[in-house]
Amino acid sequence: MLDVRGLKKVYEGSGRRVEAVRDLTFTVDAGELVCLVGPSGCGKTTLLKCMGGLLTPTSGEVLLGGRPVSGPPPGMAFVFQEYGRSLFPWMRVRDNVELPLKQKKLSPSRRRELVADALESVGLTDAAGAYPWQLSGGMQQRVAIARALAYEPDVLLMDEPFAAVDAQTRADLEDLVRGLWQQRGITILFVTHDIDEAVYLGERVLILSTSPTVVQEQLKVDLPAERDQLHTRVAPRFAELRTHVYEQIQAAKRGKAADLEDVKDMKADAPPTH
Amino acid sequence: MLDVRGLKKVYEGSGRRVEAVRDLTFTVDAGELVCLVGPSGCGKTTLLKCMGGLLTPTSGEVLLGGRPVSGPPPGMAFVFQEYGRSLFPWMRVRDNVELPLKQKKLSPSRRRELVADALESVGLTDAAGAYPWQLSGGMQQRVAIARALAYEPDVLLMDEPFAAVDAQTRADLEDLVRGLWQQRGITILFVTHDIDEAVYLGERVLILSTSPTVVQEQLKVDLPAERDQLHTRVAPRFAELRTHVYEQIQAAKRGKAADLEDVKDMKADAPPTH
Amino acid sequence: MKNLALRLFFVLALPLILVIAWWFASDSSTDVYWPPLHTILTTFPDVWTGERLSDDVLPSLLRLLAGYTAAAVVGVALGTVIGSYRRVRAVCEPVLEFLRAVPPPVLVPVIMLFAGIGDTMKIAVIASGCVWPILLNTVEGVRAVDSVMSETARSYGITGSARLRHVVLRSASPQIFAGLRQALSIGIILMVISEMFAASNGLGFTIVQFQRNFAIPDMWTGILLLGLLGFVLSVLFRLVERQVLGWYHGLRDTSRRSS
Amino acid sequence: MKAETALLGTAGFAGFLVLCEAVPRTGILSEDYFPPVTRIADALVTELGDQAFWTALGDTLTGWALGLAIAVTAGILAGVLIAVTPYLREATASTIEFLRPIPSVALIPLAVLLYGTELQSVLLLVVYASFWQVLIQTLYGVQDVDPVADETARSYGLGTWARVRHVLWPTALPYIMTGVRLAAAVALILAVTAELVIGAPGLGRRIAVAQSSQAVPDMYALVVVTGVLGLLINVGARTVERRALAWHQSVRGEVAV
Amino acid sequence: GSSNSSDSAGDTAADGTTTVKVGIIPILDVAPVYLGQKKGFYKKRGLKLELTPAQGGAAIVPGVLNNEFQFGFSNTTSLLVAQSKKVPVKVVANGVASTAEEGADFMGTTVKKGSPIKSPKQLEGKKVAVNSLNNICDTSIKESVRKDGGDASKLKFVEMPFDQMPAALENDDVDAACTPEPALSTVKEAGGTAIAASFYDVDPNLTVAMYFTSQQYAKQNPELVKKFQEATAESLEYADSHPDEVREIVATYTKIPPTLLEKLTLPHWPAEPNRASIERLAELAKQDGQLKEDPDLDALLP
Ligand SMILES: Nc1ncnc2c1ncn2[C@@H]1O[C@H](COP(=O)(O)OP(=O)(O)OP(=O)(O)O)[C@@H](O)[C@H]1O
Ligand SMILES: Nc1ncnc2c1ncn2[C@@H]1O[C@H](COP(=O)(O)OP(=O)(O)OP(=O)(O)O)[C@@H](O)[C@H]1O
Ligand SMILES: [Mg+2]
Ligand SMILES: [Mg+2]
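Chains as they are written, first to last, in the working numbering: chain A, 1000 to 1273; chain B, 1000 to 1273; chain C, 43 to 301; chain D, 117 to 373; chain E, 82 to 383.
Mixed in with the good hints there might be a few duds.
As the list claims (entries may be wrong) - With a cut-off of at most 20 Å between alpha-carbon atoms, the simulated SDA-like pairs for lysine to any residue come out as follows:
hint : chain 1 : residue 1 : chain 2 : residue 2
1    : E       : K235      : C       : S242
2    : E       : K194      : D       : E147
3    : B       : K1252     : A       : D1125
4    : A       : K1101     : C       : A204
5    : B       : K1103     : D       : A278
What the hints assert, rightly or not - Chain A stretches covered by chain B per the calculated footprint, using a threshold of three residues with CB under 8 Å from any CB of chain B:
hint : region
6    : 1027-1039
7    : 1081-1087
8    : 1133-1139
9    : 1186-1198
10   : 1243-1253
Stated by the list, open to error - Beta-carbon label-pair distances, calculated as ranges:
hint : chain 1 : residue 1 : chain 2 : residue 2 : range
11   : C       : T72       : D       : D148      : 46 to 52 Å
12   : E       : G195      : D       : V134      : 29 to 35 Å
13   : C       : R280      : D       : V134      : 40 to 46 Å
14   : A       : G1065     : B       : Q1182     : 55 to 61 Å
15   : A       : R1232     : C       : R280      : 55 to 61 Å
16   : C       : R280      : D       : G352      : 32 to 38 Å
17   : C       : D69       : D       : I144      : 54 to 60 Å
It should be emphasised that the hints constitute simulated quantities derived from the structure, not laboratory data. None of these values were measured; they are calculated from a predicted model. A virtual CB, placed ideally from N, CA and C, is assigned to each residue, including glycine.
Bound conformation, chain A alone (with noise of 0.2 Å):
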């Protein structure tokens, strides 16, 4: 579905010159659950900006379903890391949501409905009339989820979308976007900073390097398909996957792949649980 290949950004200007990304090649599945972790300032959001069209690589190039994107692909929402920036001061809290909706051809009260479910999953029903710049940061965050979830899309780019929420919420976050993307069947590509999460959420875990970027590793996530809060974050295994990630960001800070002897089974390239 997602194919990224030789990927390399540089960014120029103002008398810096950057080598965010390097070379990257993946390959996302169509409905898969891809979560991205790698040091802060590896070139994650980089990377989500390129495979959302947002950005021009310097070199390498990503496609969509074998089409090369140039620019942002129908279907896709995004969630940015930035998400104060992102809304629109401008608009009320339900316009905001129902903006994207309206480049869609939908009826009124399709629209309504739409916007009034993602609200309410992400426990905003409240604030629907408030503008974003009167709610706290964790509420702006949800916004720009729900906004995300009423698009309907296809593919879901999400940038740490869960980074100022606590972590109830957080939890049932996570398990809202688990099942909208088991009901659904999207493609999910997620940036996040909490191992425990990455581990929980994703069939699969991509590790990067420290800048210029790689991709230290692919990690299938081997635990069930069906998880939940209480019994997947204390299963064995996934304290073995999370441990594993943690050492390999650490070895990525330092510079270097791990050389984890215990870890090398988890290597193995096999097909997703679901």
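Since chain A is already given, all that's left is putting chains B, C, D and E with the ligands on it; use the hints.
Just chains B, C, D and E with the ligands, lined up with the frame of chain A:
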């Protein structure tokens, strides 16, 4: 040191009236490190801004060293949740960090030293010459932290300061903050959504209820003063404490205090461990 | 209630002081060009009531309205295009800057060639002057749309007219309003200038007539009337602005309200 | 990219010239009153060879530059002062709105009365007209300060002056730059208009002479000179702006994709 | 604050010459002072002229009143109005007058080529361009219409500068225009015709414009005023009798194209203002409501 008495804050305007904080009373001793947790939108930011003299409470008052806070007191540093907007886009990273120091009577060489140290401790020495908007989200957040550290404050108010950084960096920064706190004896109020973080860092954890907010519970963290990422986090007491906090937040979200027998003993007002 | 009284005080205090200062400074003036304020004030009702109101003030206002509206439409439309496309900006800017620097009094003959000497000409003159602040501010506002916001819009397929309406114009609106505000007073100035040419009625025309015929107190009442007109229009403008930019003022005020 | 911008700009201008040549040539407008570019160019060449023209140009530029400098300085100072002093904004709002629309042309007799036909007269009119442009833009710009940025500054104990310098000024700068560009053009317009009407020495007076002599191409040649002046002034302002606003979204946006 | 000019009596140099500033309109009418200056008529009386062009009376009258200019040039109607409004102006010399020749005046009421309007009477209900409303142009054109048996109150006047009148006629923006030279010749070039010589219709010797000073200045500097008066009279006489030199000098301070310059009808420059014509003008102005009170001609004229 910091006394919050009957604090109440009601937001009014643009057709919305929100009683964000109903009645908060608590004390932070000089040299204490208190973590603040609570559901998203419960008024943590509001509380912090009131304590920092940036917002006038609707009623109640905040005392710093016995004197009411009416504007930002000197010697206080603030790390904003909206880190992106709190950096000045027209200044390079170095200048952003240096700016508050210019208000203090310091020699230029001392200033440069402080800036360099602070940037190094957050791992951003290389980015000193970049503009904030050329940085990744996590890097921006670290710049904001560096700015607060370089300022050498007596009181440090941090609003979800590690939300955008990766797990490894987060751990490093946690140790940095605890280290600074122990060396310099500064008073720290730390808002976080990460319960592990709250328990790991704090001497005391303050749990807030949902909006309209009151103090749900104050929890002494009776872990040894010397903590480290490897051992503290696997200590049985740590697990008990984090579970307790988690349950309290869940209870707060459900709108009532948790009434759990098995954690009753934790509410004991034992003297702080350090 | 108390709030209202305070606001009223702020609105009136400084003007009152100035008027009183003027009153006493000019009280014993014998200079023809500097008549005492009380002479001016007693002349005022004689001059600006009855027929003058409908024959001179009203046509002027209508022309102003037409010219201003035209300038607003053209300025915002053109400004959006120029602001959105770097190449268009590069092509148009020199010509626009050239035209902008031509003083309206010498531009008037050229406009007259195209638009005759009737109201069309005057409206064109007003529009040709008002358009610049609106255009420039729109260009700058459109150029400064926050990158994250425009990326958001792009990624959700909000393009074309929806993007224009919901994102670009709204985001640029604070700056567009700065331009509209500027244009309002320039419009009044150009209303006067346009009525200095080929006119036979209008506020500007009347004032110039007074000046030429040495009816100096009458001329002063005209200047006062222009000031009053500007003031009233700006109050109206502020009402509209408060409405349209409500979100913006709310957003910007949050921190200030507390300090 | 700079070269491309210059090239596109030249192309645009050339198109404009061709249009101006074509309109009278094809008889849409009478050649007598709207002479084709080539005839204006002829007249322009004659003008350029005239010593008196250069003196006039110098006079106009002096009036313009002095007036603009005064207006910009005063406008910015007043704008910032009004913005940072509590209540001052409310207290002055009505007076500003009252004085602003009073047309500078209506002040001509006043100017002549006060200063005769000397430079000061021109200055009075120029300053009066362009001051408001800068002031209003400054007021709007100051209002645009991001609350989070301002809170940051306050929380770090930045005093009023430091906040003005480090937060308010950079935020307002894009607005002020627009204001200065507007004011530069308005100042030029008023310098020329004042000379035209009052008869103070300068390009405006030459235009008046050409007008009353029915020397149409000469008049247009002089108008072209004022236009070109405006053009050059804008190029200058743009250059300053690019340097001063390298961080700003509007300038940044051109560097990226 | 009215008189803050430093040169309140003009600058007197070491050699005894006094520099006086004269506010003029850079048109054909003021050729005599330029000529007189060139010929040394002023110099020999110890005067040095500094001729400052201005757009019109709006700037010149206040300039003279605050002593920025010591003398100014203004049309007769404006001076009459000023005097009746108690503006302290004082005429010192004649300016320019109608040519007293039927059909060859320097001002004509013109229509464009092929216009159906052939006589002033036909102007009824038509639009006529004048440089300044309620001034000498409309007064005299109304008089032309009345003399032709028409109803002068039915004219519609529109204000525009002289130089734009030819274009306005051409574009049918107006039906007729009050055109003095060089606009008159420009219109004729384009095939237009003069249907009346309106200044002539008021009085064949109509004093169209005059030089004036402020009463205060006249009182304080009688000597200087007298010298200016004499020198101007001499210049006027000289100009009247040397048309070729006039055309030459006009080319120096205006931009009238040489081809046009040849064809200009020069006005008449008598040495003295014609009091009878001024009285007639005042009478008409009062009749048309431009003057509310009778001007005190004794106080105004020298
Ligand atoms: N607009 C830009 N101009 C220049 N450099 C940039 C720009 N945006 C990002 N970079 C650089 O590219 C690198 C990768 O940034 P990116 O935002 O993709 O990181 P990230 O993985 O999303 O980090 P984080 O987890 O902190 O959000 C960083 O070094 C950053 O400095
Ligand atoms: N400027 C404002 N105007 C109106 N209401 C506001 C404003 N700022 C905050 N609120 C409201 O006050 C309540 C508390 O907000 P606050 O930002 O303090 O929450 P928080 O605890 O920091 O949440 P989070 O963890 O999501 O950041 C929210 O309901 C929010 O909608
Ligand atoms: Mg990122
Ligand atoms: Mg918050």
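Tell me, in ascending order, the numbers of any earlier hints that this structure violates.
none
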